[in-house]
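K.L.:
Chain by chain, the residues:
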Amino acid sequence: MNIQTQPDEPISQVHGHATLVTAEGVAMSFAGRLILSGVDLAVNRGEIVTLIGLNGSGKSTLARILLGLLQPDAGRVWRAAQLRLGYVPQALTIDPALPLTVRRFLTLGGPVADDLMVSTLSEVGLSGSLGAQVAQLSGGELHRAMLARALLRRPDFLVLDEPMSGVDVAGQGQLYKLIETIRDTYNCGVLLISHDLHVVMAATDRVVCLNHHICCTGRPEAIVGDPEFRALFGAAVADQLALYHHHHDHAHDPDGGVVPLEMGLGVGRYEAGGHDGHAHD
Amino acid sequence: MLRALLGGIGVAGVAGPLGCFVIWRHMVYFGAALAHSALLGVALGLALGLPADLGIAVLCLSMALGFLVLDRSRLVTSDTLLGILAHGSLALGLLALALVEGLRVDLMSYLFGDILALDQIDLLVIYGLMALVLGVLLVYWRPLLSVTVDEDLARVEGLATGRLKFLFTILMAIVIAIGMKVVGILMVISLLIIPAATARRLAVSPEGMALAAASCGAVSVILGLLGSYWWDLPSGAAIVAAAAGLFLLSLGIPERLARLIIS
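So the protein sequences, as listed, match chains P and E.
Numbering that gives the first Met the number 0 puts the first sequence at residues 0 to 280.
Numbering that gives the first Met the number 0 puts the second sequence at residues 0 to 262.
Calculated directly from the structure, the hints in this document are not laboratory data.
Quick caveat, the model's predicted, so the values are computed rather than measured.
Where is the CB? At the ideal position from N, CA and C, for every residue including glycine.
It is possible that part of the hints are untrue.
[As the list claims (entries may be wrong)] Short, incomplete list of chain P residues facing chain E, as computed with Cβ under 8 Å:
1. Asp72
2. Ala80
3. Leu82
4. Pro88
[Said to hold, decoys possible] Some chain E residues well away from chain P (every beta-carbon gap over 10 Å; in silico):
5. Gly134
6. Leu144
7. Ile169
8. Leu170
9. Ala196
10. Ala202
11. Val203
12. Pro205
13. Gly207
14. Leu225
15. Gly226
16. Tyr228
17. Trp230
18. Ala236
19. Gly244
[Claimed, not checked] Label pairs and their computed distance ranges (CB to CB):
20. Gly138/P with Leu53/E: 23 to 33 Å
21. Asp113/P with Leu47/E: 34 to 44 Å
22. Asn54/P with Asp78/E: 47 to 57 Å
23. Gly130/P with Ala97/E: 55 to 65 Å
24. Val117/P with Pro253/E: 32 to 42 Å
25. Asp151/E with Gly31/P: 33 to 43 Å
26. Leu53/E with Gly55/P: 46 to 56 Å
27. Ser204/E with Leu115/P: 46 to 56 Å
28. Ser118/P with Ser204/E: 46 to 56 Å
29. Leu131/E with Gly130/P: 44 to 54 Å
30. Gln70/P with Ile169/E: 47 to 57 Å
31. Leu47/E with Ala131/P: 53 to 63 Å
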């Protein structure tokens, strides 16, 4: 997975990782309403960036700009050349009149070998559903199918828009673990969008708090103490924030050392706020 | 009668698969609006001394583009805008036909179709254009399907979605311009969507649904023309009624039988 950089793109090295996507001074407005202004953001390979903010704070818009689905009114966006994008949108509505199996859904972007589809589906916890009709999947299952479709492209940059919505707390822990495993297995940069301020995973390398502009950014432990964060969401919310600490029992190097835990229907081990060693399964 | 059969089956064979996309993409009203504007195309074509078919095709395309531009203003919702365009252009077409002097147009044949009047040149035009549409559909089948399922995902995966949607609009304009020879301006959209809707019960894959839609359309044409021949029914209406009847029948097919037909 070589990322070639075009001459006009900055070859920046942050934390020793190649930069995949950079936004500089991005501004966007819809029908006279300013959605984003002066946003700077970079996502590097091997990094999980969580974008949090209230509803309507411009999170999805920023993600769509980074993906190239929207053109910003002002500012610049760089994407590394030949960057493979993976995108899991918040929702997908497939017309019930369209008969489409999961197999066909996964191959809409191009032909894929059967065993690769099977292994990717089991990776995201959707084993044995290759022949199922997409219209009959539940919301959570459809999300996993979309994640599988994104992973089949072996993405360099993976955007997950509100993957936690509609998932219960136990499932969220598993999903966080899955996202971490994906980052390690695929060695990609992950942009995770969340409006759930109460649960921010510790595996996040950076939390970016968005309120039309970037109001603060940093390690999850640090951000809850940020005055602007406390002003925006209230001190009570900030104090209640439960940080999910994962067992960092594997190295983050791109090849080897990583034992992918059984995900999805398997056990997601995490510790919640002070309950050290307490495993949920 | 043979020419009518051949022409009708040729159109239905392409209208079915294309109609599947019209259903999946929720573009039924868009297609109806395109068809309604065709009368204005007939008037303009005749006034300028051009073939009516060319006038229809050009106007359908300009209507499609006009809609895309107007729809960006977001003052009214798309379906309101389509309603305005459909009936505004139909009224303009009727006015234009009335105002162009010395023009004797068989209005009924445009509004309700005149499949029995197809001549050999019509047949050549129908089969030529339908082969073209079918060929383009086959070549762009997977990209079109991908854009239909989700445009954002298709774009992230590198498809030129804008161009694909424009291509689809052109295909729709062609099939509608040809289809109105069979069942007329007012009913042409039914030739696309009713067989496709009937096919839904009989299909588990997009391709299966397209094939079933083509077959249902062809059967509707045959039944309609037989009815027209035996009982002297208006042919266009008989074809659409046959298609609607098949749709009702398909609703009554028991689940087990539907699966049997599929396999």
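K.L.:
Look at each hint and say if it fits the structure.
P.N.:
Structure-based check of each hint:
Hint status for Asp72/P: violated, given a least beta-carbon distance of 16 Å to chain E, over 8 Å. Interface hint status for Ala80/P: violated, as the beta-carbon distance to the closest one in chain E is roughly 13 Å, over 8 Å. Residue-level restraint check for Leu82/P is violated (minimum Cβ-Cβ distance to chain E is 11 Å; threshold 8 Å). At a threshold of 8 Å, the smallest CB-CB gap from Pro88/P to chain E is about 6 Å, leaving the interface hint in force.
For Gly134/E, the non-interface assignment is confirmed: its Cβ lies about 21 Å from the closest Cβ of chain P, beyond the 10 Å cut-off. With a least beta-carbon separation of about 6 Å from chain P, Leu144/E fails to lie farther than 10 Å from that chain, contradicting its non-interface assignment. For Ile169/E, the shortest C-beta to C-beta distance to chain P comes to about 22 Å, beyond the 10 Å cut-off, and the non-interface label holds. With a least beta-carbon separation of about 18 Å from chain P, Leu170/E lies farther than 10 Å from that chain, consistent with its non-interface assignment.
Not every Cβ of chain P is farther than 10 Å from the Cβ of Ala196/E; the closest lies at roughly 7 Å, contradicting the non-interface assignment. Ala202/E, annotated as away from the interface, has a beta carbon of chain P within 10 Å; the closest lies near 5 Å. With a least CB separation of 5 Å from chain P, Val203/E falls inside the 10 Å interface cut-off, contrary to its annotation. With 10 Å as the threshold on Cβ separation, the claim that Pro205/E sits away from chain P is violated: the shortest Cβ distance comes to roughly 6 Å.
Not every beta carbon of chain P lies more than 10 Å from that of Gly207/E, the smallest distance being close to 7 Å; the non-interface claim is violated. For Leu225/E, the non-interface assignment is confirmed: its Cβ lies about 29 Å from the closest Cβ of chain P, beyond the 10 Å cut-off. Even its closest Cβ contact with chain P, about 28 Å, leaves Gly226/E beyond 10 Å, as expected for a residue assigned away from the interface. For Tyr228/E, the shortest C-beta to C-beta distance to chain P comes to about 33 Å, beyond the 10 Å cut-off, and the non-interface label holds.
Trp230/E, annotated as away from the interface, keeps every beta carbon of chain P farther than 10 Å; the closest lies near 33 Å. No beta-carbon of chain P comes within 10 Å of the beta-carbon of Ala236/E; the shortest separation is about 25 Å. No Cβ of chain P comes within 10 Å of the Cβ of Gly244/E; the nearest lies about 20 Å off, and the non-interface call holds. For the hinted restraint 23 to 33 Å between Gly138/P and Leu53/E, the CB-CB distance of approximately 49 Å leaves it violated.
For Asp113/P and Leu47/E, the hinted distance range of 34 to 44 Å is not satisfied, since their beta carbons lie about 57 Å from each other. Here the CB-CB span from Asn54/P to Asp78/E is close to 27 Å, at odds with the stated 47 to 57 Å. About 58 Å separates the C-beta atoms of Gly130/P and Ala97/E, a value consistent with the hinted range of 55 to 65 Å. At about 33 Å, the CB distance of Val117/P to Pro253/E agrees with the hint of 32 to 42 Å.
For Asp151/E paired with Gly31/P, a C-beta distance near 24 Å fails the hint of 33 to 43 Å. Checked against the hint of 46 to 56 Å, the pair Leu53/E and Gly55/P passes, with Cβ atoms roughly 49 Å apart. As the Cβ distance of Ser204/E to Leu115/P is approximately 21 Å, the hint placing it in 46 to 56 Å is violated. Ser118/P and Ser204/E have their C-beta atoms about 23 Å apart, which leaves the hinted 46 to 56 Å range violated.
Roughly 35 Å separates the CB atoms of Leu131/E and Gly130/P, a value that falls outside the hinted 44 to 54 Å. Our hint of 47 to 57 Å for Gln70/P and Ile169/E is violated, since their Cβ atoms are close to 25 Å apart. A beta carbon spacing of about 55 Å between Leu47/E and Ala131/P agrees with the range 53 to 63 Å that was offered as a hint.
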